[in-house]
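Number of protein chains: 6
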Amino acid sequence: MPIVHITRRERFSAAHKLSRPEWSLEKNYATFGKCSNPNWHGHNYVLWVTVAGAPDPETSFVTDLSELSRLIKVHVIDHLDHKNLDLDVPFMKGRYSSTENLAVAIWEQLEAPVKGLGVVLKTVKVEETENNYVEYHGE
Amino acid sequence: MPIVHITRRERFSAAHKLSRPEWSLEKNYATFGKCSNPNWHGHNYVLWVTVAGAPDPETSFVTDLSELSRLIKVHVIDHLDHKNLDLDVPFMKGRYSSTENLAVAIWEQLEAPVKGLGVVLKTVKVEETENNYVEYHGE
Amino acid sequence: MPIVHITRRERFSAAHKLSRPEWSLEKNYATFGKCSNPNWHGHNYVLWVTVAGAPDPETSFVTDLSELSRLIKVHVIDHLDHKNLDLDVPFMKGRYSSTENLAVAIWEQLEAPVKGLGVVLKTVKVEETENNYVEYHGE
Amino acid sequence: MPIVHITRRERFSAAHKLSRPEWSLEKNYATFGKCSNPNWHGHNYVLWVTVAGAPDPETSFVTDLSELSRLIKVHVIDHLDHKNLDLDVPFMKGRYSSTENLAVAIWEQLEAPVKGLGVVLKTVKVEETENNYVEYHGE
Amino acid sequence: MPIVHITRRERFSAAHKLSRPEWSLEKNYATFGKCSNPNWHGHNYVLWVTVAGAPDPETSFVTDLSELSRLIKVHVIDHLDHKNLDLDVPFMKGRYSSTENLAVAIWEQLEAPVKGLGVVLKTVKVEETENNYVEYHGE
Amino acid sequence: MPIVHITRRERFSAAHKLSRPEWSLEKNYATFGKCSNPNWHGHNYVLWVTVAGAPDPETSFVTDLSELSRLIKVHVIDHLDHKNLDLDVPFMKGRYSSTENLAVAIWEQLEAPVKGLGVVLKTVKVEETENNYVEYHGE
Numbered sequence: 001m002p003i004v005h006i007t008r009r010e011r012f013s014a015a016h017k018l019s020r021p022e023w024s025l026e027k028n029y030a031t032f033g034k035c036s037n038p039n040w041h042g043h044n045y046v047l048w049v050t051v052a053g054a055p056d057p058e059t060s061f062v063t064d065l066s067e068l069s070r071l072i073k074v075h076v077i078d079h080l081d082h083k084n085l086d087l088d089v090p091f092m093k094g095r096y097s098s099t100e101n102l103a104v105a106i107w108e109q110l111e112a113p114v115k116g117l118g119v120v121l122k123t124v125k126v127e128e129t130e131n132n133y134v135e136y137h138g139e
Numbered sequence: 140m141p142i143v144h145i146t147r148r149e150r151f152s153a154a155h156k157l158s159r160p161e162w163s164l165e166k167n168y169a170t171f172g173k174c175s176n177p178n179w180h181g182h183n184y185v186l187w188v189t190v191a192g193a194p195d196p197e198t199s200f201v202t203d204l205s206e207l208s209r210l211i212k213v214h215v216i217d218h219l220d221h222k223n224l225d226l227d228v229p230f231m232k233g234r235y236s237s238t239e240n241l242a243v244a245i246w247e248q249l250e251a252p253v254k255g256l257g258v259v260l261k262t263v264k265v266e267e268t269e270n271n272y273v274e275y276h277g278e
Numbered sequence: 279m280p281i282v283h284i285t286r287r288e289r290f291s292a293a294h295k296l297s298r299p300e301w302s303l304e305k306n307y308a309t310f311g312k313c314s315n316p317n318w319h320g321h322n323y324v325l326w327v328t329v330a331g332a333p334d335p336e337t338s339f340v341t342d343l344s345e346l347s348r349l350i351k352v353h354v355i356d357h358l359d360h361k362n363l364d365l366d367v368p369f370m371k372g373r374y375s376s377t378e379n380l381a382v383a384i385w386e387q388l389e390a391p392v393k394g395l396g397v398v399l400k401t402v403k404v405e406e407t408e409n410n411y412v413e414y415h416g417e
Numbered sequence: 418m419p420i421v422h423i424t425r426r427e428r429f430s431a432a433h434k435l436s437r438p439e440w441s442l443e444k445n446y447a448t449f450g451k452c453s454n455p456n457w458h459g460h461n462y463v464l465w466v467t468v469a470g471a472p473d474p475e476t477s478f479v480t481d482l483s484e485l486s487r488l489i490k491v492h493v494i495d496h497l498d499h500k501n502l503d504l505d506v507p508f509m510k511g512r513y514s515s516t517e518n519l520a521v522a523i524w525e526q527l528e529a530p531v532k533g534l535g536v537v538l539k540t541v542k543v544e545e546t547e548n549n550y551v552e553y554h555g556e
Numbered sequence: 557m558p559i560v561h562i563t564r565r566e567r568f569s570a571a572h573k574l575s576r577p578e579w580s581l582e583k584n585y586a587t588f589g590k591c592s593n594p595n596w597h598g599h600n601y602v603l604w605v606t607v608a609g610a611p612d613p614e615t616s617f618v619t620d621l622s623e624l625s626r627l628i629k630v631h632v633i634d635h636l637d638h639k640n641l642d643l644d645v646p647f648m649k650g651r652y653s654s655t656e657n658l659a660v661a662i663w664e665q666l667e668a669p670v671k672g673l674g675v676v677l678k679t680v681k682v683e684e685t686e687n688n689y690v691e692y693h694g695e
Numbered sequence: 696m697p698i699v700h701i702t703r704r705e706r707f708s709a710a711h712k713l714s715r716p717e718w719s720l721e722k723n724y725a726t727f728g729k730c731s732n733p734n735w736h737g738h739n740y741v742l743w744v745t746v747a748g749a750p751d752p753e754t755s756f757v758t759d760l761s762e763l764s765r766l767i768k769v770h771v772i773d774h775l776d777h778k779n780l781d782l783d784v785p786f787m788k789g790r791y792s793s794t795e796n797l798a799v800a801i802w803e804q805l806e807a808p809v810k811g812l813g814v815v816l817k818t819v820k821v822e823e824t825e826n827n828y829v830e831y832h833g834e
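Residue numbers (the working numbering), protein chains in the order written: chain A, 1 to 139; chain B, 140 to 278; chain C, 279 to 417; chain D, 418 to 556; chain E, 557 to 695; chain F, 696 to 834.
Hint data in this document are derived by calculation from the structure and do not stem from the laboratory.
Since we're looking at a predicted model, the values are computed, not measured.
Where a beta carbon is used, it is the ideal one built from N, C-alpha and C, also for glycine.
A few of these clues could be false.
[Stated by the list, open to error] From the derived model, a few chain A residues whose C-beta atoms are all more than 12 Å from chain B:
1. Pro2
2. Ala15
3. Pro38
4. Pro57
5. Glu58
6. Thr59
7. Lys83
8. Trp107
9. Leu110
10. Gly138
[As the list claims (entries may be wrong)] Simulated crosslink set (SDA-like; lysine to any residue; CA at most 25 Å straight-line):
11. A:Lys34 / F:Glu705
12. B:Lys254 / B:Thr268
13. D:Lys444 / A:Gly116
14. F:Lys729 / D:Ser477
15. E:Lys629 / C:Ser314
16. B:Lys212 / F:Ser764
17. A:Lys34 / B:Gln248
18. F:Lys820 / A:Glu130
19. E:Lys681 / C:Asn410
20. E:Lys681 / E:Leu574
21. D:Lys542 / A:Thr50
22. B:Lys254 / E:Gly694
23. A:Lys122 / D:Val537
24. B:Lys173 / C:Trp326
25. B:Lys264 / E:His693
26. C:Lys305 / E:Arg626
27. C:Lys305 / E:Gly674
28. E:Lys678 / C:Gly416
29. D:Lys539 / F:Glu830
30. D:Lys510 / A:Lys122
31. A:Lys122 / F:Lys820
32. B:Lys261 / B:Leu210
33. E:Lys590 / F:Ser764
34. B:Lys212 / B:Leu256
35. F:Lys820 / D:Val463
36. E:Lys678 / B:Val259
37. F:Lys729 / D:Asp473
38. C:Lys305 / E:Ser625
39. E:Lys629 / E:Gly672
40. C:Lys312 / E:Asp612
Make a model of the complete structure from these sequences and hints.
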């Protein structure tokens with residue numbers, strides 16, 4: 001049976017900043033640059049979720065993409081879209097909102113629901129701007 | 140002499156929200172939907188500035204694009220990038236941060252400096268997400 | 279009051295062919311090339327709808343984009359997406375499904391509903407492939 | 418000798434539907450949603466073919482891309498472009514036209530010809546819409 | 557009869573530089589920056605050609621796009637693709653290879669052939685990089 | 696500790712040709728096609744550099760992207776942008792300027808500086824046109 005990877009793209013727009021509250025404005029700026037702006041900034045994030053499995057003999061699908069999309073919406077997008085990553089998102093509590101941490105947190109949100117679909121989560125990719133993106137493979 | 144239009148693309152990432160302070164959360168949500176999230180959200184905005192003129196006989200340029208880019212940076216991008224459109228931007232004071240208002244405000248910022256280059260400002264286009272953008276032609 | 283143009287992007291995937299039933303296969307192929315394949319082919323069409331108006335003083339919107347998107351969905355996308363343009367679409371009856379005719383037909387579908395929003399329909403743009411698109415301005 | 422991966426992009430526009438003929442319209446709709454429309458729908462598919470090998474000392478190419486492109490055209494694109502995936506394509510006979518099955522079938526079409534170029538086929542990627550794509554690595 | 561605009565995209569990759577032979581290296585660098593590199597540089601240019609007309613009652617086409625594409629290839633792309641804009645292109649002789657001049661020269665190459673198709677040339681757009689493009693409307 | 700991959704995109708515009716000086720024009724054309732044009736051609740190259748590591752507990756970054764970008768600029772982009780790959784680039788001396796060789800040479804330029812950031816270089820990807828790109832993983 002061939003193993004095929006299938007990827008779903010979703011999007012969310014969110015505010016965030018990078019700063020440690022125990023540091024001065026100056027130290028935050030020296031470390032995080034313009035991302036430390038106290039009044040926040042924001043991005044149109046793009047998320048790609050890749051799962052792998054054998055196509056089902058009856059449907060020829062690795063997984064029903066509309067169901068995968070619904071799970072991503074319920075477990076990830078509804079928590080992040082038009083939100084503040086540092087104030088509004090329970091699963092980001094206690095983590096700085098770097099794209100790296102965001103990708104790992106999204107992996108944790110999706111791992112169990114994706115397993116429930118009978119497929120394996122392979123990659124979470126998060127693009128912050130057209131010039132940088134992050135990938136997490138669960139290891 | 141041919142009149143040629145030339146367009147420069149720039150980008151900025153910013154936080155904002157749409158809400159009227161004198162309205163209740165409920166009325167703001169009914170009017171502005173998820174854009175009214177009290178803790179802000181944000182976007183990767185894309186800006187296109189189009190100017191028109193005759194190519195200079197000596198340089199064959201309508202205008203020096205690096206100079207146009209510098210003017211856009213000084214008059215627009217430096218004020219907007221990694222900022223909060225509702226708190227940090229002098230030229231947005233007193234205006235709601237709809238993409239419509241943003242395009243008109245950027246036009247106002249650029250009209251005089253662009254005239255100083257000897258060309259005519261034709262269009263300011265602002266893309267908020269891949270699914271919507273706004274254009275202002277100065278009228 | 280400034281007049282601002284605002285554009286909403288929507289997408290639909292559809293089957294179609296270009297052939298005149300009263301012509302032979304050979305004449306259809308000579309005229310329409312591979313687009314005349316009797317068993318159909320298809321595209322991911324991209325639609326941009328541009329409207330113009332003055333921003334509302336209360337909301338700062340030319341028009342509520344979610345309402346514009348809903349109107350495009352009800353009057354256009356629901357009729358075209360995952361359909362056969364030549365068999366399934368009442369408003370394409372009696373017209374060949376060239377991108378040109380499609381753009382004009384979409385304009386006719388949207389003109390009255392857009393007027394109901396208090397704004398003016400300016401352009402319907404339909405992209406058939408990355409290498410060609412059509413625009414109709416209502417004239 | 419370094420091993421380099423090189424990828425060629427090609428495109429095809431095709432009609433298809435997802436439905437099992439022995440099922441009722443209702444069961445097909447419940448399983449495949451709008452993809453089961455009896456009169457077909459279609460897509461602009463994008464195909465990426467990745468091969469790997471050591472650059473040739475004489476040409477500095479892993480493989481001649483125009484020859485790779487020609488092989489993809491002869492073995493894949495000519496069979497799929499402006500066709501109906503369910504009616505017109507010999508190598509899709511007996512398979513439902515999910516993107517998963519399409520990627521596996523394209524791999525089978527290309528594996529031997531690519532080997533004839535002296536390189537190894539690594540990945541077949543097929544994008545159905547901007548929001549979903551499939552990859553097959555031959556395993 | 558509705559007038560519809562239709563646009564064809566083509567691409568070419570070319571070398572060029574911006575420098576006046578009668579000027580010193582220093583003056584050329586001061587005026588044209590890194591574009592004056594004596595050993596050339598190059599771009600993947602993207603060209604969009606827009607024509608307008610009424611759809612033909614028999615074919616429903618404003619113009620046969622494969623014929624428009626062939627004319628663009630014969631009159632423009634074959635002269636520019638994988639060439640040096642300053643050394644190899646008869647219709648650029650005596651003009652500096654700014655994108656502005658290139659757009660005007662392409663217009664001149666296409667105006668008569670497009671008229672021969674029974675449609676009107678409306679716009680030549682040339683993109684030099686993702687951050688800048690030029691449009692010429694024939695005036 | 697999770698290992699996260701992070702990718703930075705940069706761009707450069709350069710001239711080059713593919714031809715062996717000891718071969719005739721005819722043999723070069725037979726082997727390299729239009730890429731052998733004696734007067735050069737050029738491209739907008741796009742470069743993606745992927746590195747991997749564990750997010751730093753203090754900053755939550757795998758690596759400071761502005762520092763990674765600066766290293767790519769100093770070691771790669773400044774040598775390639777608005778240059779002739781065959782005449783102006785010390786680290787391409789003695790190598791034909793195929794995209795394959797370019798990717799390997801860029802890897803060699805970046806391997807040590809990236810190690811100095813405390814992360815591992817994983818992939819250098821170079822796109823020559825929208826239809827072809829090359830990846831090198833260091834093996």
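Among the hints numbered above, which are violated by the structure, and what are their numbers in rising order? Of the numbered hints given earlier, those the structure breaks are 2, 3, 7, 12 and 30, listed in rising order.
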